[in-house]
Amino acid sequence: MRGSKAIEMWVGLFVVIGLVALFFVAMQVSNLGELRTARGSYKIIARFENVGGLKVRAPVSVAGVTIGRVHGISFDKQTFEAVVDMRIDPAYNTLPVDTSASILTAGLLGEQYVGLSPGSSDERLKDGDEVELTQSAVVLEQVISRFLFNKAGEGGSGKTEEGKGGAAE
Amino acid sequence: MSGDCADKDVVISIRDLVFSRGARKIFDGVNLDIPRGKITAIMGPSGTGKTTLLKLIGGQLRPDRGTVRVDGQNVHKLRLGQLYALRKRMGMLFQTGALLTDLSVYENVAFPLREHTQLPESMIRTLVLMKLQAVGLRGARDLMPAQLSGGMARRVALARAIALDPTVIMYDEPFTGQDPISMGILVKLIHDLNEELGLTSIVVSHDVKETAGIADYIYLISEGQVIGQGVPEAIERSDSCWVRQFMQGLADGPVPFHYPAADYAADLLLEPA
Amino acid sequence: MNQVPPFGSLATMLGPLQRLGHAALKALQKLGRAHLFLVHVMSGLPDLFRRARLLLAQMYSVGVLTVLLIAISGLFVGMVLGLQGYNVLSDFGAEQTLGVMVAASLVRELGPVVTALLFSGRAGSALTAEIGLMKATEQLSGMEMMAVDPIKRIVAPRFFAGFLSMPLLAGLFSAVGVLGGYFVGVGLLGVDQGAYWSQMQAKIDFYDDAVNGFIKSVVFGAIVTWIAVFEGYDSVPTAEGVSRATTRSVVYSAFAVLGSDFVLTALMFGES
Chain W
264 MRGSKAIEMW VGLFVVIGLV ALFFVAMQVS NLGELRTARG SYKIIARFEN VGGLKVRAPV
324 SVAGVTIGRV HGISFDKQTF EAVVDMRIDP AYNTLPVDTS ASILTAGLLG EQYVGLSPGS
384 SDERLKDGDE VELTQSAVVL EQVISRFLFN KAGEGGSGKT EEGKGGAAE
Chain D
355 MSGDCADKDV VISIRDLVFS RGARKIFDGV NLDIPRGKIT AIMGPSGTGK TTLLKLIGGQ
415 LRPDRGTVRV DGQNVHKLRL GQLYALRKRM GMLFQTGALL TDLSVYENVA FPLREHTQLP
475 ESMIRTLVLM KLQAVGLRGA RDLMPAQLSG GMARRVALAR AIALDPTVIM YDEPFTGQDP
535 ISMGILVKLI HDLNEELGLT SIVVSHDVKE TAGIADYIYL ISEGQVIGQG VPEAIERSDS
595 CWVRQFMQGL ADGPVPFHYP AADYAADLLL EPA
Chain X
947 MNQVPPFGSL ATMLGPLQRL GHAALKALQK LGRAHLFLVH VMSGLPDLFR RARLLLAQMY
1007 SVGVLTVLLI AISGLFVGMV LGLQGYNVLS DFGAEQTLGV MVAASLVREL GPVVTALLFS
1067 GRAGSALTAE IGLMKATEQL SGMEMMAVDP IKRIVAPRFF AGFLSMPLLA GLFSAVGVLG
1127 GYFVGVGLLG VDQGAYWSQM QAKIDFYDDA VNGFIKSVVF GAIVTWIAVF EGYDSVPTAE
1187 GVSRATTRSV VYSAFAVLGS DFVLTALMFG ES
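For the record, the sequence lines run as chains W, D and X.
Under my numbering, the letters of the first sequence match residues 264 to 432, in that order.
Under my numbering, the letters of the second sequence match residues 355 to 627, in that order.
Under my numbering, the letters of the third sequence match residues 947 to 1218, in that order.
Rather than coming from a laboratory, the hints here were simulated on the basis of the structure.
Mixed in with the good hints, there may be bad ones.
Taking lysine to aspartate or glutamate pairs in the EDC-like style, the calculated list, with each CA pair at most 20 Å apart, reads [to be verified]:
#1 X/K1098 to D/E469
#2 X/K1098 to D/E461
#3 D/K409 to X/D1180
#4 W/K318 to X/D1154
#5 W/K318 to X/D993
#6 X/K976 to X/D993
#7 D/K442 to D/E461
#8 D/K442 to X/E1186
#9 D/K542 to D/E577
#10 W/K268 to D/D456
#11 X/K1149 to W/E374
#12 W/K268 to D/E475
#13 D/K442 to X/D993
#14 D/K431 to X/D1095
#15 W/K268 to D/E461
#16 X/K1098 to D/D456
Only chain W is shown next, with the shape it has when bound in the complex:
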């Protein structure tokens, strides 16, 4: 069993390298680094008429900076609206109560995310609060059909309803 010290050392090194590699894959390559901050985060919800292709764990961003993640999407069978449950990093706890939420698309083919635009109130959103002002996802088919309809109508009934899912009170 001579030379077993060297073998032990090499095996130790091998295990360390392997674990570092796995750690690297977990933290640097995947989104575990961000999931971890989800702990201690606070919850806000928003109701949308249509969430389009929004997925759980989609980013929630303000001014292009990701401050949280979508934690759950459910359907309210009384109001027929989608309820999006978001978890926001506790570092960003200064969002005003009149903040509005809209579902946006990153680039032409990118994934959908929730964009928040802060209002001007002095009151802050707290854990469990609801964002009142929301704007639904833009559904491409609706936009195109509306565009074609407008073309056909040509100045007829010009007033079309935008895809605004007005504030659901």
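Start from chain W and add chains D and X according to the hints.
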């Protein structure tokens, strides 16, 4: 049949042993008794299953019928734990030595001690050196098995086989392929170890002269049956043609020189199909 | 010569059928033996806790000696992915997502699969040959006669060493591959380095991708080492038998890894 063995202290007794490999019957009703403290030789032509017999005694193979008793215990009725306990009391020297190629000579001899005992390193060292001294290879302790000659490898294997101080030791063809000197060494070792350690030795071999020289009792096996037995002198003087052919190494006799074939002349004249 | 007996046609029809049945039965028997063998190997696990040294020695020959092969292969695979990915993605103006492509390919598929294939070629074949040779030279038999169970003493440490090494090696492969893609993509082709990492982190999910890839590597590690040690133990104890067993070990490992990869992928990524 165990006439002159009946009064002796029998360590291993084999009764009615039947064993076949595929359709071929290797043993067909073999009866053997191995007396305690003696060197018993089991001889026979190549391919009579002498190695198989040792594996049956060691419980590595299972007979179709018959019993093998070692110290009164039926080997093939034992539970695995009991069988392993029994094997600790049996040493076996394989034809090739069967040394563990990734361990040094020292570690090979220490192997059974490390596996089966919790002895401190200093005591293992003492035991290993004693066993190596007994086979005359204490100076070769740091060599690897690949660096050993065939004879030396067998001596190391012998040292390993006696590491746990077994009561029975089985030698599988210990003399095959050895030069006269290492043959002489092995013959001496088998004889001396038997004397000094009070072992019961079983030597399986077809090297007539060497084996007969050290054996106390000889069994001859052929065609799956014991066809001759007795002390060496009696075997030498046997009037059986077969025994005489085997012991004297005659080319022709009851075991024909020719493999069974059609008539020679007719075979030569036959047109190829 | 011209012998067509009345039942000839029937016999020639039944011949292949019988051979097929024979082969199927033999395969089933072997599968049965392999499972019993695995159970026996598992029973050697408690002993390994007491004698970690045995495991350690095998971790060295199975794991440590494979590290260089895996690291270099991973680097090159990552670099190729960077190059190929850039060519395709730049057509769509999406070269910013190069990191996603490289990392997703590596973490989900190439890391576990290529590592398992290389591992079976480097370590698996060595295990088969080693155990087969030990059998051929009666070392296993000799051990049995010394009242030492060769499956617990020889096979179990090798099996668990392979089982533990594979996930580490697969992780290494993926990590080095991602860095290889980074060198090519960011270093040579001018992809923005922030985009490389941030897109990757945004799109590669810890549970869906990293953990699933890890599970794959664990499964492949078990399969490859199982096949390797079993083929060695089940080999015909001659020089030819061992060489055939070694070939079979690599071939069967490749089939088993790729086949089970499909099943695992369908289970893991099929629904989402």
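Hint check results:
{"no.": "1", "hint": "X/K1098 to D/E469", "verdict": "holds (12 Å)"}
{"no.": "2", "hint": "X/K1098 to D/E461", "verdict": "holds (19 Å)"}
{"no.": "3", "hint": "D/K409 to X/D1180", "verdict": "holds (19 Å)"}
{"no.": "4", "hint": "W/K318 to X/D1154", "verdict": "holds (14 Å)"}
{"no.": "5", "hint": "W/K318 to X/D993", "verdict": "violated (48 Å)"}
{"no.": "6", "hint": "X/K976 to X/D993", "verdict": "violated (27 Å)"}
{"no.": "7", "hint": "D/K442 to D/E461", "verdict": "holds (18 Å)"}
{"no.": "8", "hint": "D/K442 to X/E1186", "verdict": "violated (33 Å)"}
{"no.": "9", "hint": "D/K542 to D/E577", "verdict": "violated (31 Å)"}
{"no.": "10", "hint": "W/K268 to D/D456", "verdict": "holds (17 Å)"}
{"no.": "11", "hint": "X/K1149 to W/E374", "verdict": "holds (10 Å)"}
{"no.": "12", "hint": "W/K268 to D/E475", "verdict": "holds (17 Å)"}
{"no.": "13", "hint": "D/K442 to X/D993", "verdict": "holds (19 Å)"}
{"no.": "14", "hint": "D/K431 to X/D1095", "verdict": "holds (18 Å)"}
{"no.": "15", "hint": "W/K268 to D/E461", "verdict": "holds (17 Å)"}
{"no.": "16", "hint": "X/K1098 to D/D456", "verdict": "holds (17 Å)"}
Against the hints set out earlier in the document, violations occur for numbers 5, 6, 8 and 9.
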